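Construct the complete structure from the given sequences, taking the supplied hints into account.
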Amino acid sequence: MRSNLPPVVNLCGRIFLFLFLLSIEIPTALGETPKPSPKIEEEEKLEELKFQELKDVIKRDKLAKEAKKLLEQRQALKKTRSKLEMDRFFYPSEEDFWKMVTELWLTKNAVKLKWEFEKSDLGIGMAFKKVLEDLGIRNLSVRLLVLNSYEVPHMILPSKSEEAIFLLSLPFIREMDLSKVEISLLLIEDYWRWKNKLFFDQVTEKGYQKKLGTKMDPKKRDVVFVGKLLDSMSDFVFNVGYTFDQQYNVTKQMKDLLNTNKLYTKAYEALLKKRQEIVIKQNKFNDYSRRYPSPEMQLKWFSK
Amino acid sequence: MVKNLFFIIAVIIFVSSLKLTIAEEFDVRYFAHTFGHVHKTPFAYADSKTTIQCGQAIKVFSKSPSPVKDWSYVKVGEELGHIQTSYLLKEKPNFCFQQKYPIFFQSLNLDLSDLYYWGRIYDHAIEFTSGS
Numbered sequence: 299m300r301s302n303l304p305p306v307v308n309l310c311g312r313i314f315l316f317l318f319l320l321s322i323e324i325p326t327a328l329g330e331t332p333k334p335s336p337k338i339e340e341e342e343k344l345e346e347l348k349f350q351e352l353k354d355v356i357k358r359d360k361l362a363k364e365a366k367k368l369l370e371q372r373q374a375l376k377k378t379r380s381k382l383e384m385d386r387f388f389y390p391s392e393e394d395f396w397k398m399v400t401e402l403w404l405t406k407n408a409v410k411l412k413w414e415f416e417k418s419d420l421g422i423g424m425a426f427k428k429v430l431e432d433l434g435i436r437n438l439s440v441r442l443l444v445l446n447s448y449e450v451p452h453m454i455l456p457s458k459s460e461e462a463i464f465l466l467s468l469p470f471i472r473e474m475d476l477s478k479v480e481i482s483l484l485l486i487e488d489y490w491r492w493k494n495k496l497f498f499d500q501v502t503e504k505g506y507q508k509k510l511g512t513k514m515d516p517k518k519r520d521v522v523f524v525g526k527l528l529d530s531m532s533d534f535v536f537n538v539g540y541t542f543d544q545q546y547n548v549t550k551q552m553k554d555l556l557n558t559n560k561l562y563t564k565a566y567e568a569l570l571k572k573r574q575e576i577v578i579k580q581n582k583f584n585d586y587s588r589r590y591p592s593p594e595m596q597l598k599w600f601s602k
Numbered sequence: 004m005v006k007n008l009f010f011i012i013a014v015i016i017f018v019s020s021l022k023l024t025i026a027e028e029f030d031v032r033y034f035a036h037t038f039g040h041v042h043k044t045p046f047a048y049a050d051s052k053t054t055i056q057c058g059q060a061i062k063v064f065s066k067s068p069s070p071v072k073d074w075s076y077v078k079v080g081e082e083l084g085h086i087q088t089s090y091l092l093k094e095k096p097n098f099c100f101q102q103k104y105p106i107f108f109q110s111l112n113l114d115l116s117d118l119y120y121w122g123r124i125y126d127h128a129i130e131f132t133s134g135s
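For the protein sequence lines, the chains are A and B, in the order given. Following the working numbering, the numbering of the first sequence begins with 299 at its first residue and continues without gaps. Following the working numbering, the numbering of the second sequence begins with 4 at its first residue and continues without gaps.
What the hints contain is simulated information worked out from the structure, not anything from laboratory work. The structure presented is a predicted model; accordingly, all values stated were derived computationally and were not measured. Any given hint might turn out to be false.
Claimed, not checked - Quick list of the computed label-pair ranges, beta carbon to beta carbon:
(1) A:Lys348 / B:Lys62: 32 to 38 Å
(2) A:Thr541 / B:Lys95: 42 to 48 Å
(3) A:Leu375 / B:Ser116: 38 to 44 Å
(4) B:Ala60 / A:Ser380: 34 to 40 Å
(5) B:Leu111 / A:Phe542: 47 to 53 Å
(6) B:Lys95 / A:Ser380: 19 to 25 Å
(7) A:Asp499 / B:Lys95: 34 to 40 Å
Using N, Cα and C, we set each Cβ at its ideal position, and we do this for glycine too.
Structure (structure tokens):
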């Protein structure tokens with residue numbers, strides 16, 4: 299298509315177009331680096347900051363100390379958490395174990411022992427506490443379960459280090475017609491058995507000793523030893539009882555304890571006599587002298 | 004007749020508002036023993052409504068429908084009942100056997116009757132510490 303414009307105008311137009319194109323800057327295309335936009339005020343201030351000075355400020359404000367403290371706390375928490383996590387897979391320690399085992403044994407033998415029955419306040423707790431305190435036995439945590447059966451006349455079972463679990467048969471103390479002081483002294487005999495750790499001598503199953511405090515294999519989860527221990531406890535409580543020698547030592551300890559207290563000495567002698575008589579007279583207590591030998595000898599040992 | 008009806012309605016409204024007030028204010032406490040029971044009435048030998056375990060959070064209401072000294076009126080799950088106040092702690096107990104040794108405890112495979120009797124031990128035991 300041909301232009302109808304005069305040649306001069308056409309030429310001027312072309313020159314103008316050429317000059318216009320020259321005036322356009324295409325820097326990248328020409329290989330030039332684009333100029334940065336001018337710095338704002340804040341950037342200039344930041345550039346002026348000396349970081350060493352900043353550090354000094356933090357130090358002066360004790361922020362570094364605080365940060366260190368927080369870091370230490372965090373590490374301590376981490377340690378505690380990982381210890382707790384580890385403990386999950388551990389067998390219990392000996393201190394934690396016995397209270398649990400005794401309670402488990404009481405649970406498993408609840409029907410036989412008959413400790414779950416409604417009873418009026420017999421006042422045994424108050425009387426026992428007074429006798430303990432009168433005889434200087436202090437800081438002893440006592441848990442006493444009264445039984446409605448003849449299965450266990452009286453017994454002490456292990457718990458935590460300063461806690462003892464006593465069992466006491468209500469039919470037994472009624473049959474023997476014991477006063478509250480005599481009941482308390484009967485329980486103090488058991489206190490010596492606990493103090494002398496006789497339970498641990500008499501319970502023959504020792505498999506638990508290797509396990510306590512060690513790490514459990516999560517795949518095996520071996521708790522067979524607990525069942526064996528419960529059986530062994532039952533055998534001791536219901537059948538075996540204490541030995542002649544153990545009874546002698548306990549009687550001697552009772553004698554030493556009551557030495558200065560005439561009232562309690564008389565009460566203990568009365569208890570020993572009642573026990574001797576009931577074992578002779580009543581067949582249902584024949585088993586008693588086998589578990590607690592021998593009421594007759596105890597009286598002699600105490601009188602000597 | 005109409006007067007009597009108004010009176011009955013007023014009594015019903017009063018009683019229900021009282022119940023609402025009782026249920027409103029509560030604190031959170033934590034159970035201290037290995038296992039225990041929420042009792043139907045504030046009495047150690049009363050029937051159990053539910054079994055609870057060590058460290059369990061319990062709502063303790065400030066008012067009880069049958070207030071008895073040393074007993075708290077509580078709510079556990081949907082069950083309302085009574086627990087001896089001395090068994091409840093303001094903070095989570097430092098030691099709960101089943102929480103410290105969960106794998107071992109789980110491996111004992113306790114059944115429901117075990118949990119029931121275990122909780123009952125504390126209701127039936129006479130407890131004290133001889134003086135220092």
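Is the hinted range of 38 to 44 Å satisfied by the C-beta distance from Leu375 of chain A to Ser116 of chain B? Cβ of Leu375 of chain A to Cβ of Ser116 of chain B: about 40 Å, so the range 38 to 44 Å holds.
When you take the CB atoms of Lys95 of chain B and Ser380 of chain A, is the distance between them in 19 to 25 Å? 20 Å, holds
With respect to the beta-carbon atoms only, verify the hint that Leu111 of chain B and Phe542 of chain A lie 47 to 53 Å apart. 36 Å, violated
Is the hinted range of 32 to 38 Å satisfied by the C-beta distance from Lys348 of chain A to Lys62 of chain B? 59 Å, violated
Measuring from beta carbon to beta carbon, are Ala60 of chain B and Ser380 of chain A in 34 to 40 Å? Once the Cβ atoms are compared, 26 Å apart, the range 34 to 40 Å for Ser380 of chain A and Ala60 of chain B is violated.
Looking only at beta-carbon atoms, does the pair Asp499 of chain A, Lys95 of chain B fall within the given range of 34 to 40 Å? Taking Cβ atoms as reference, Asp499 of chain A and Lys95 of chain B lie about 38 Å apart, which means the hint holds.
Determine whether the Cβ-Cβ distance between Thr541 of chain A and Lys95 of chain B falls within the hinted range of 42 to 48 Å. 45 Å, holds
Of the hints listed earlier, those the structure fails to meet are numbers 1, 4 and 5, in rising order.
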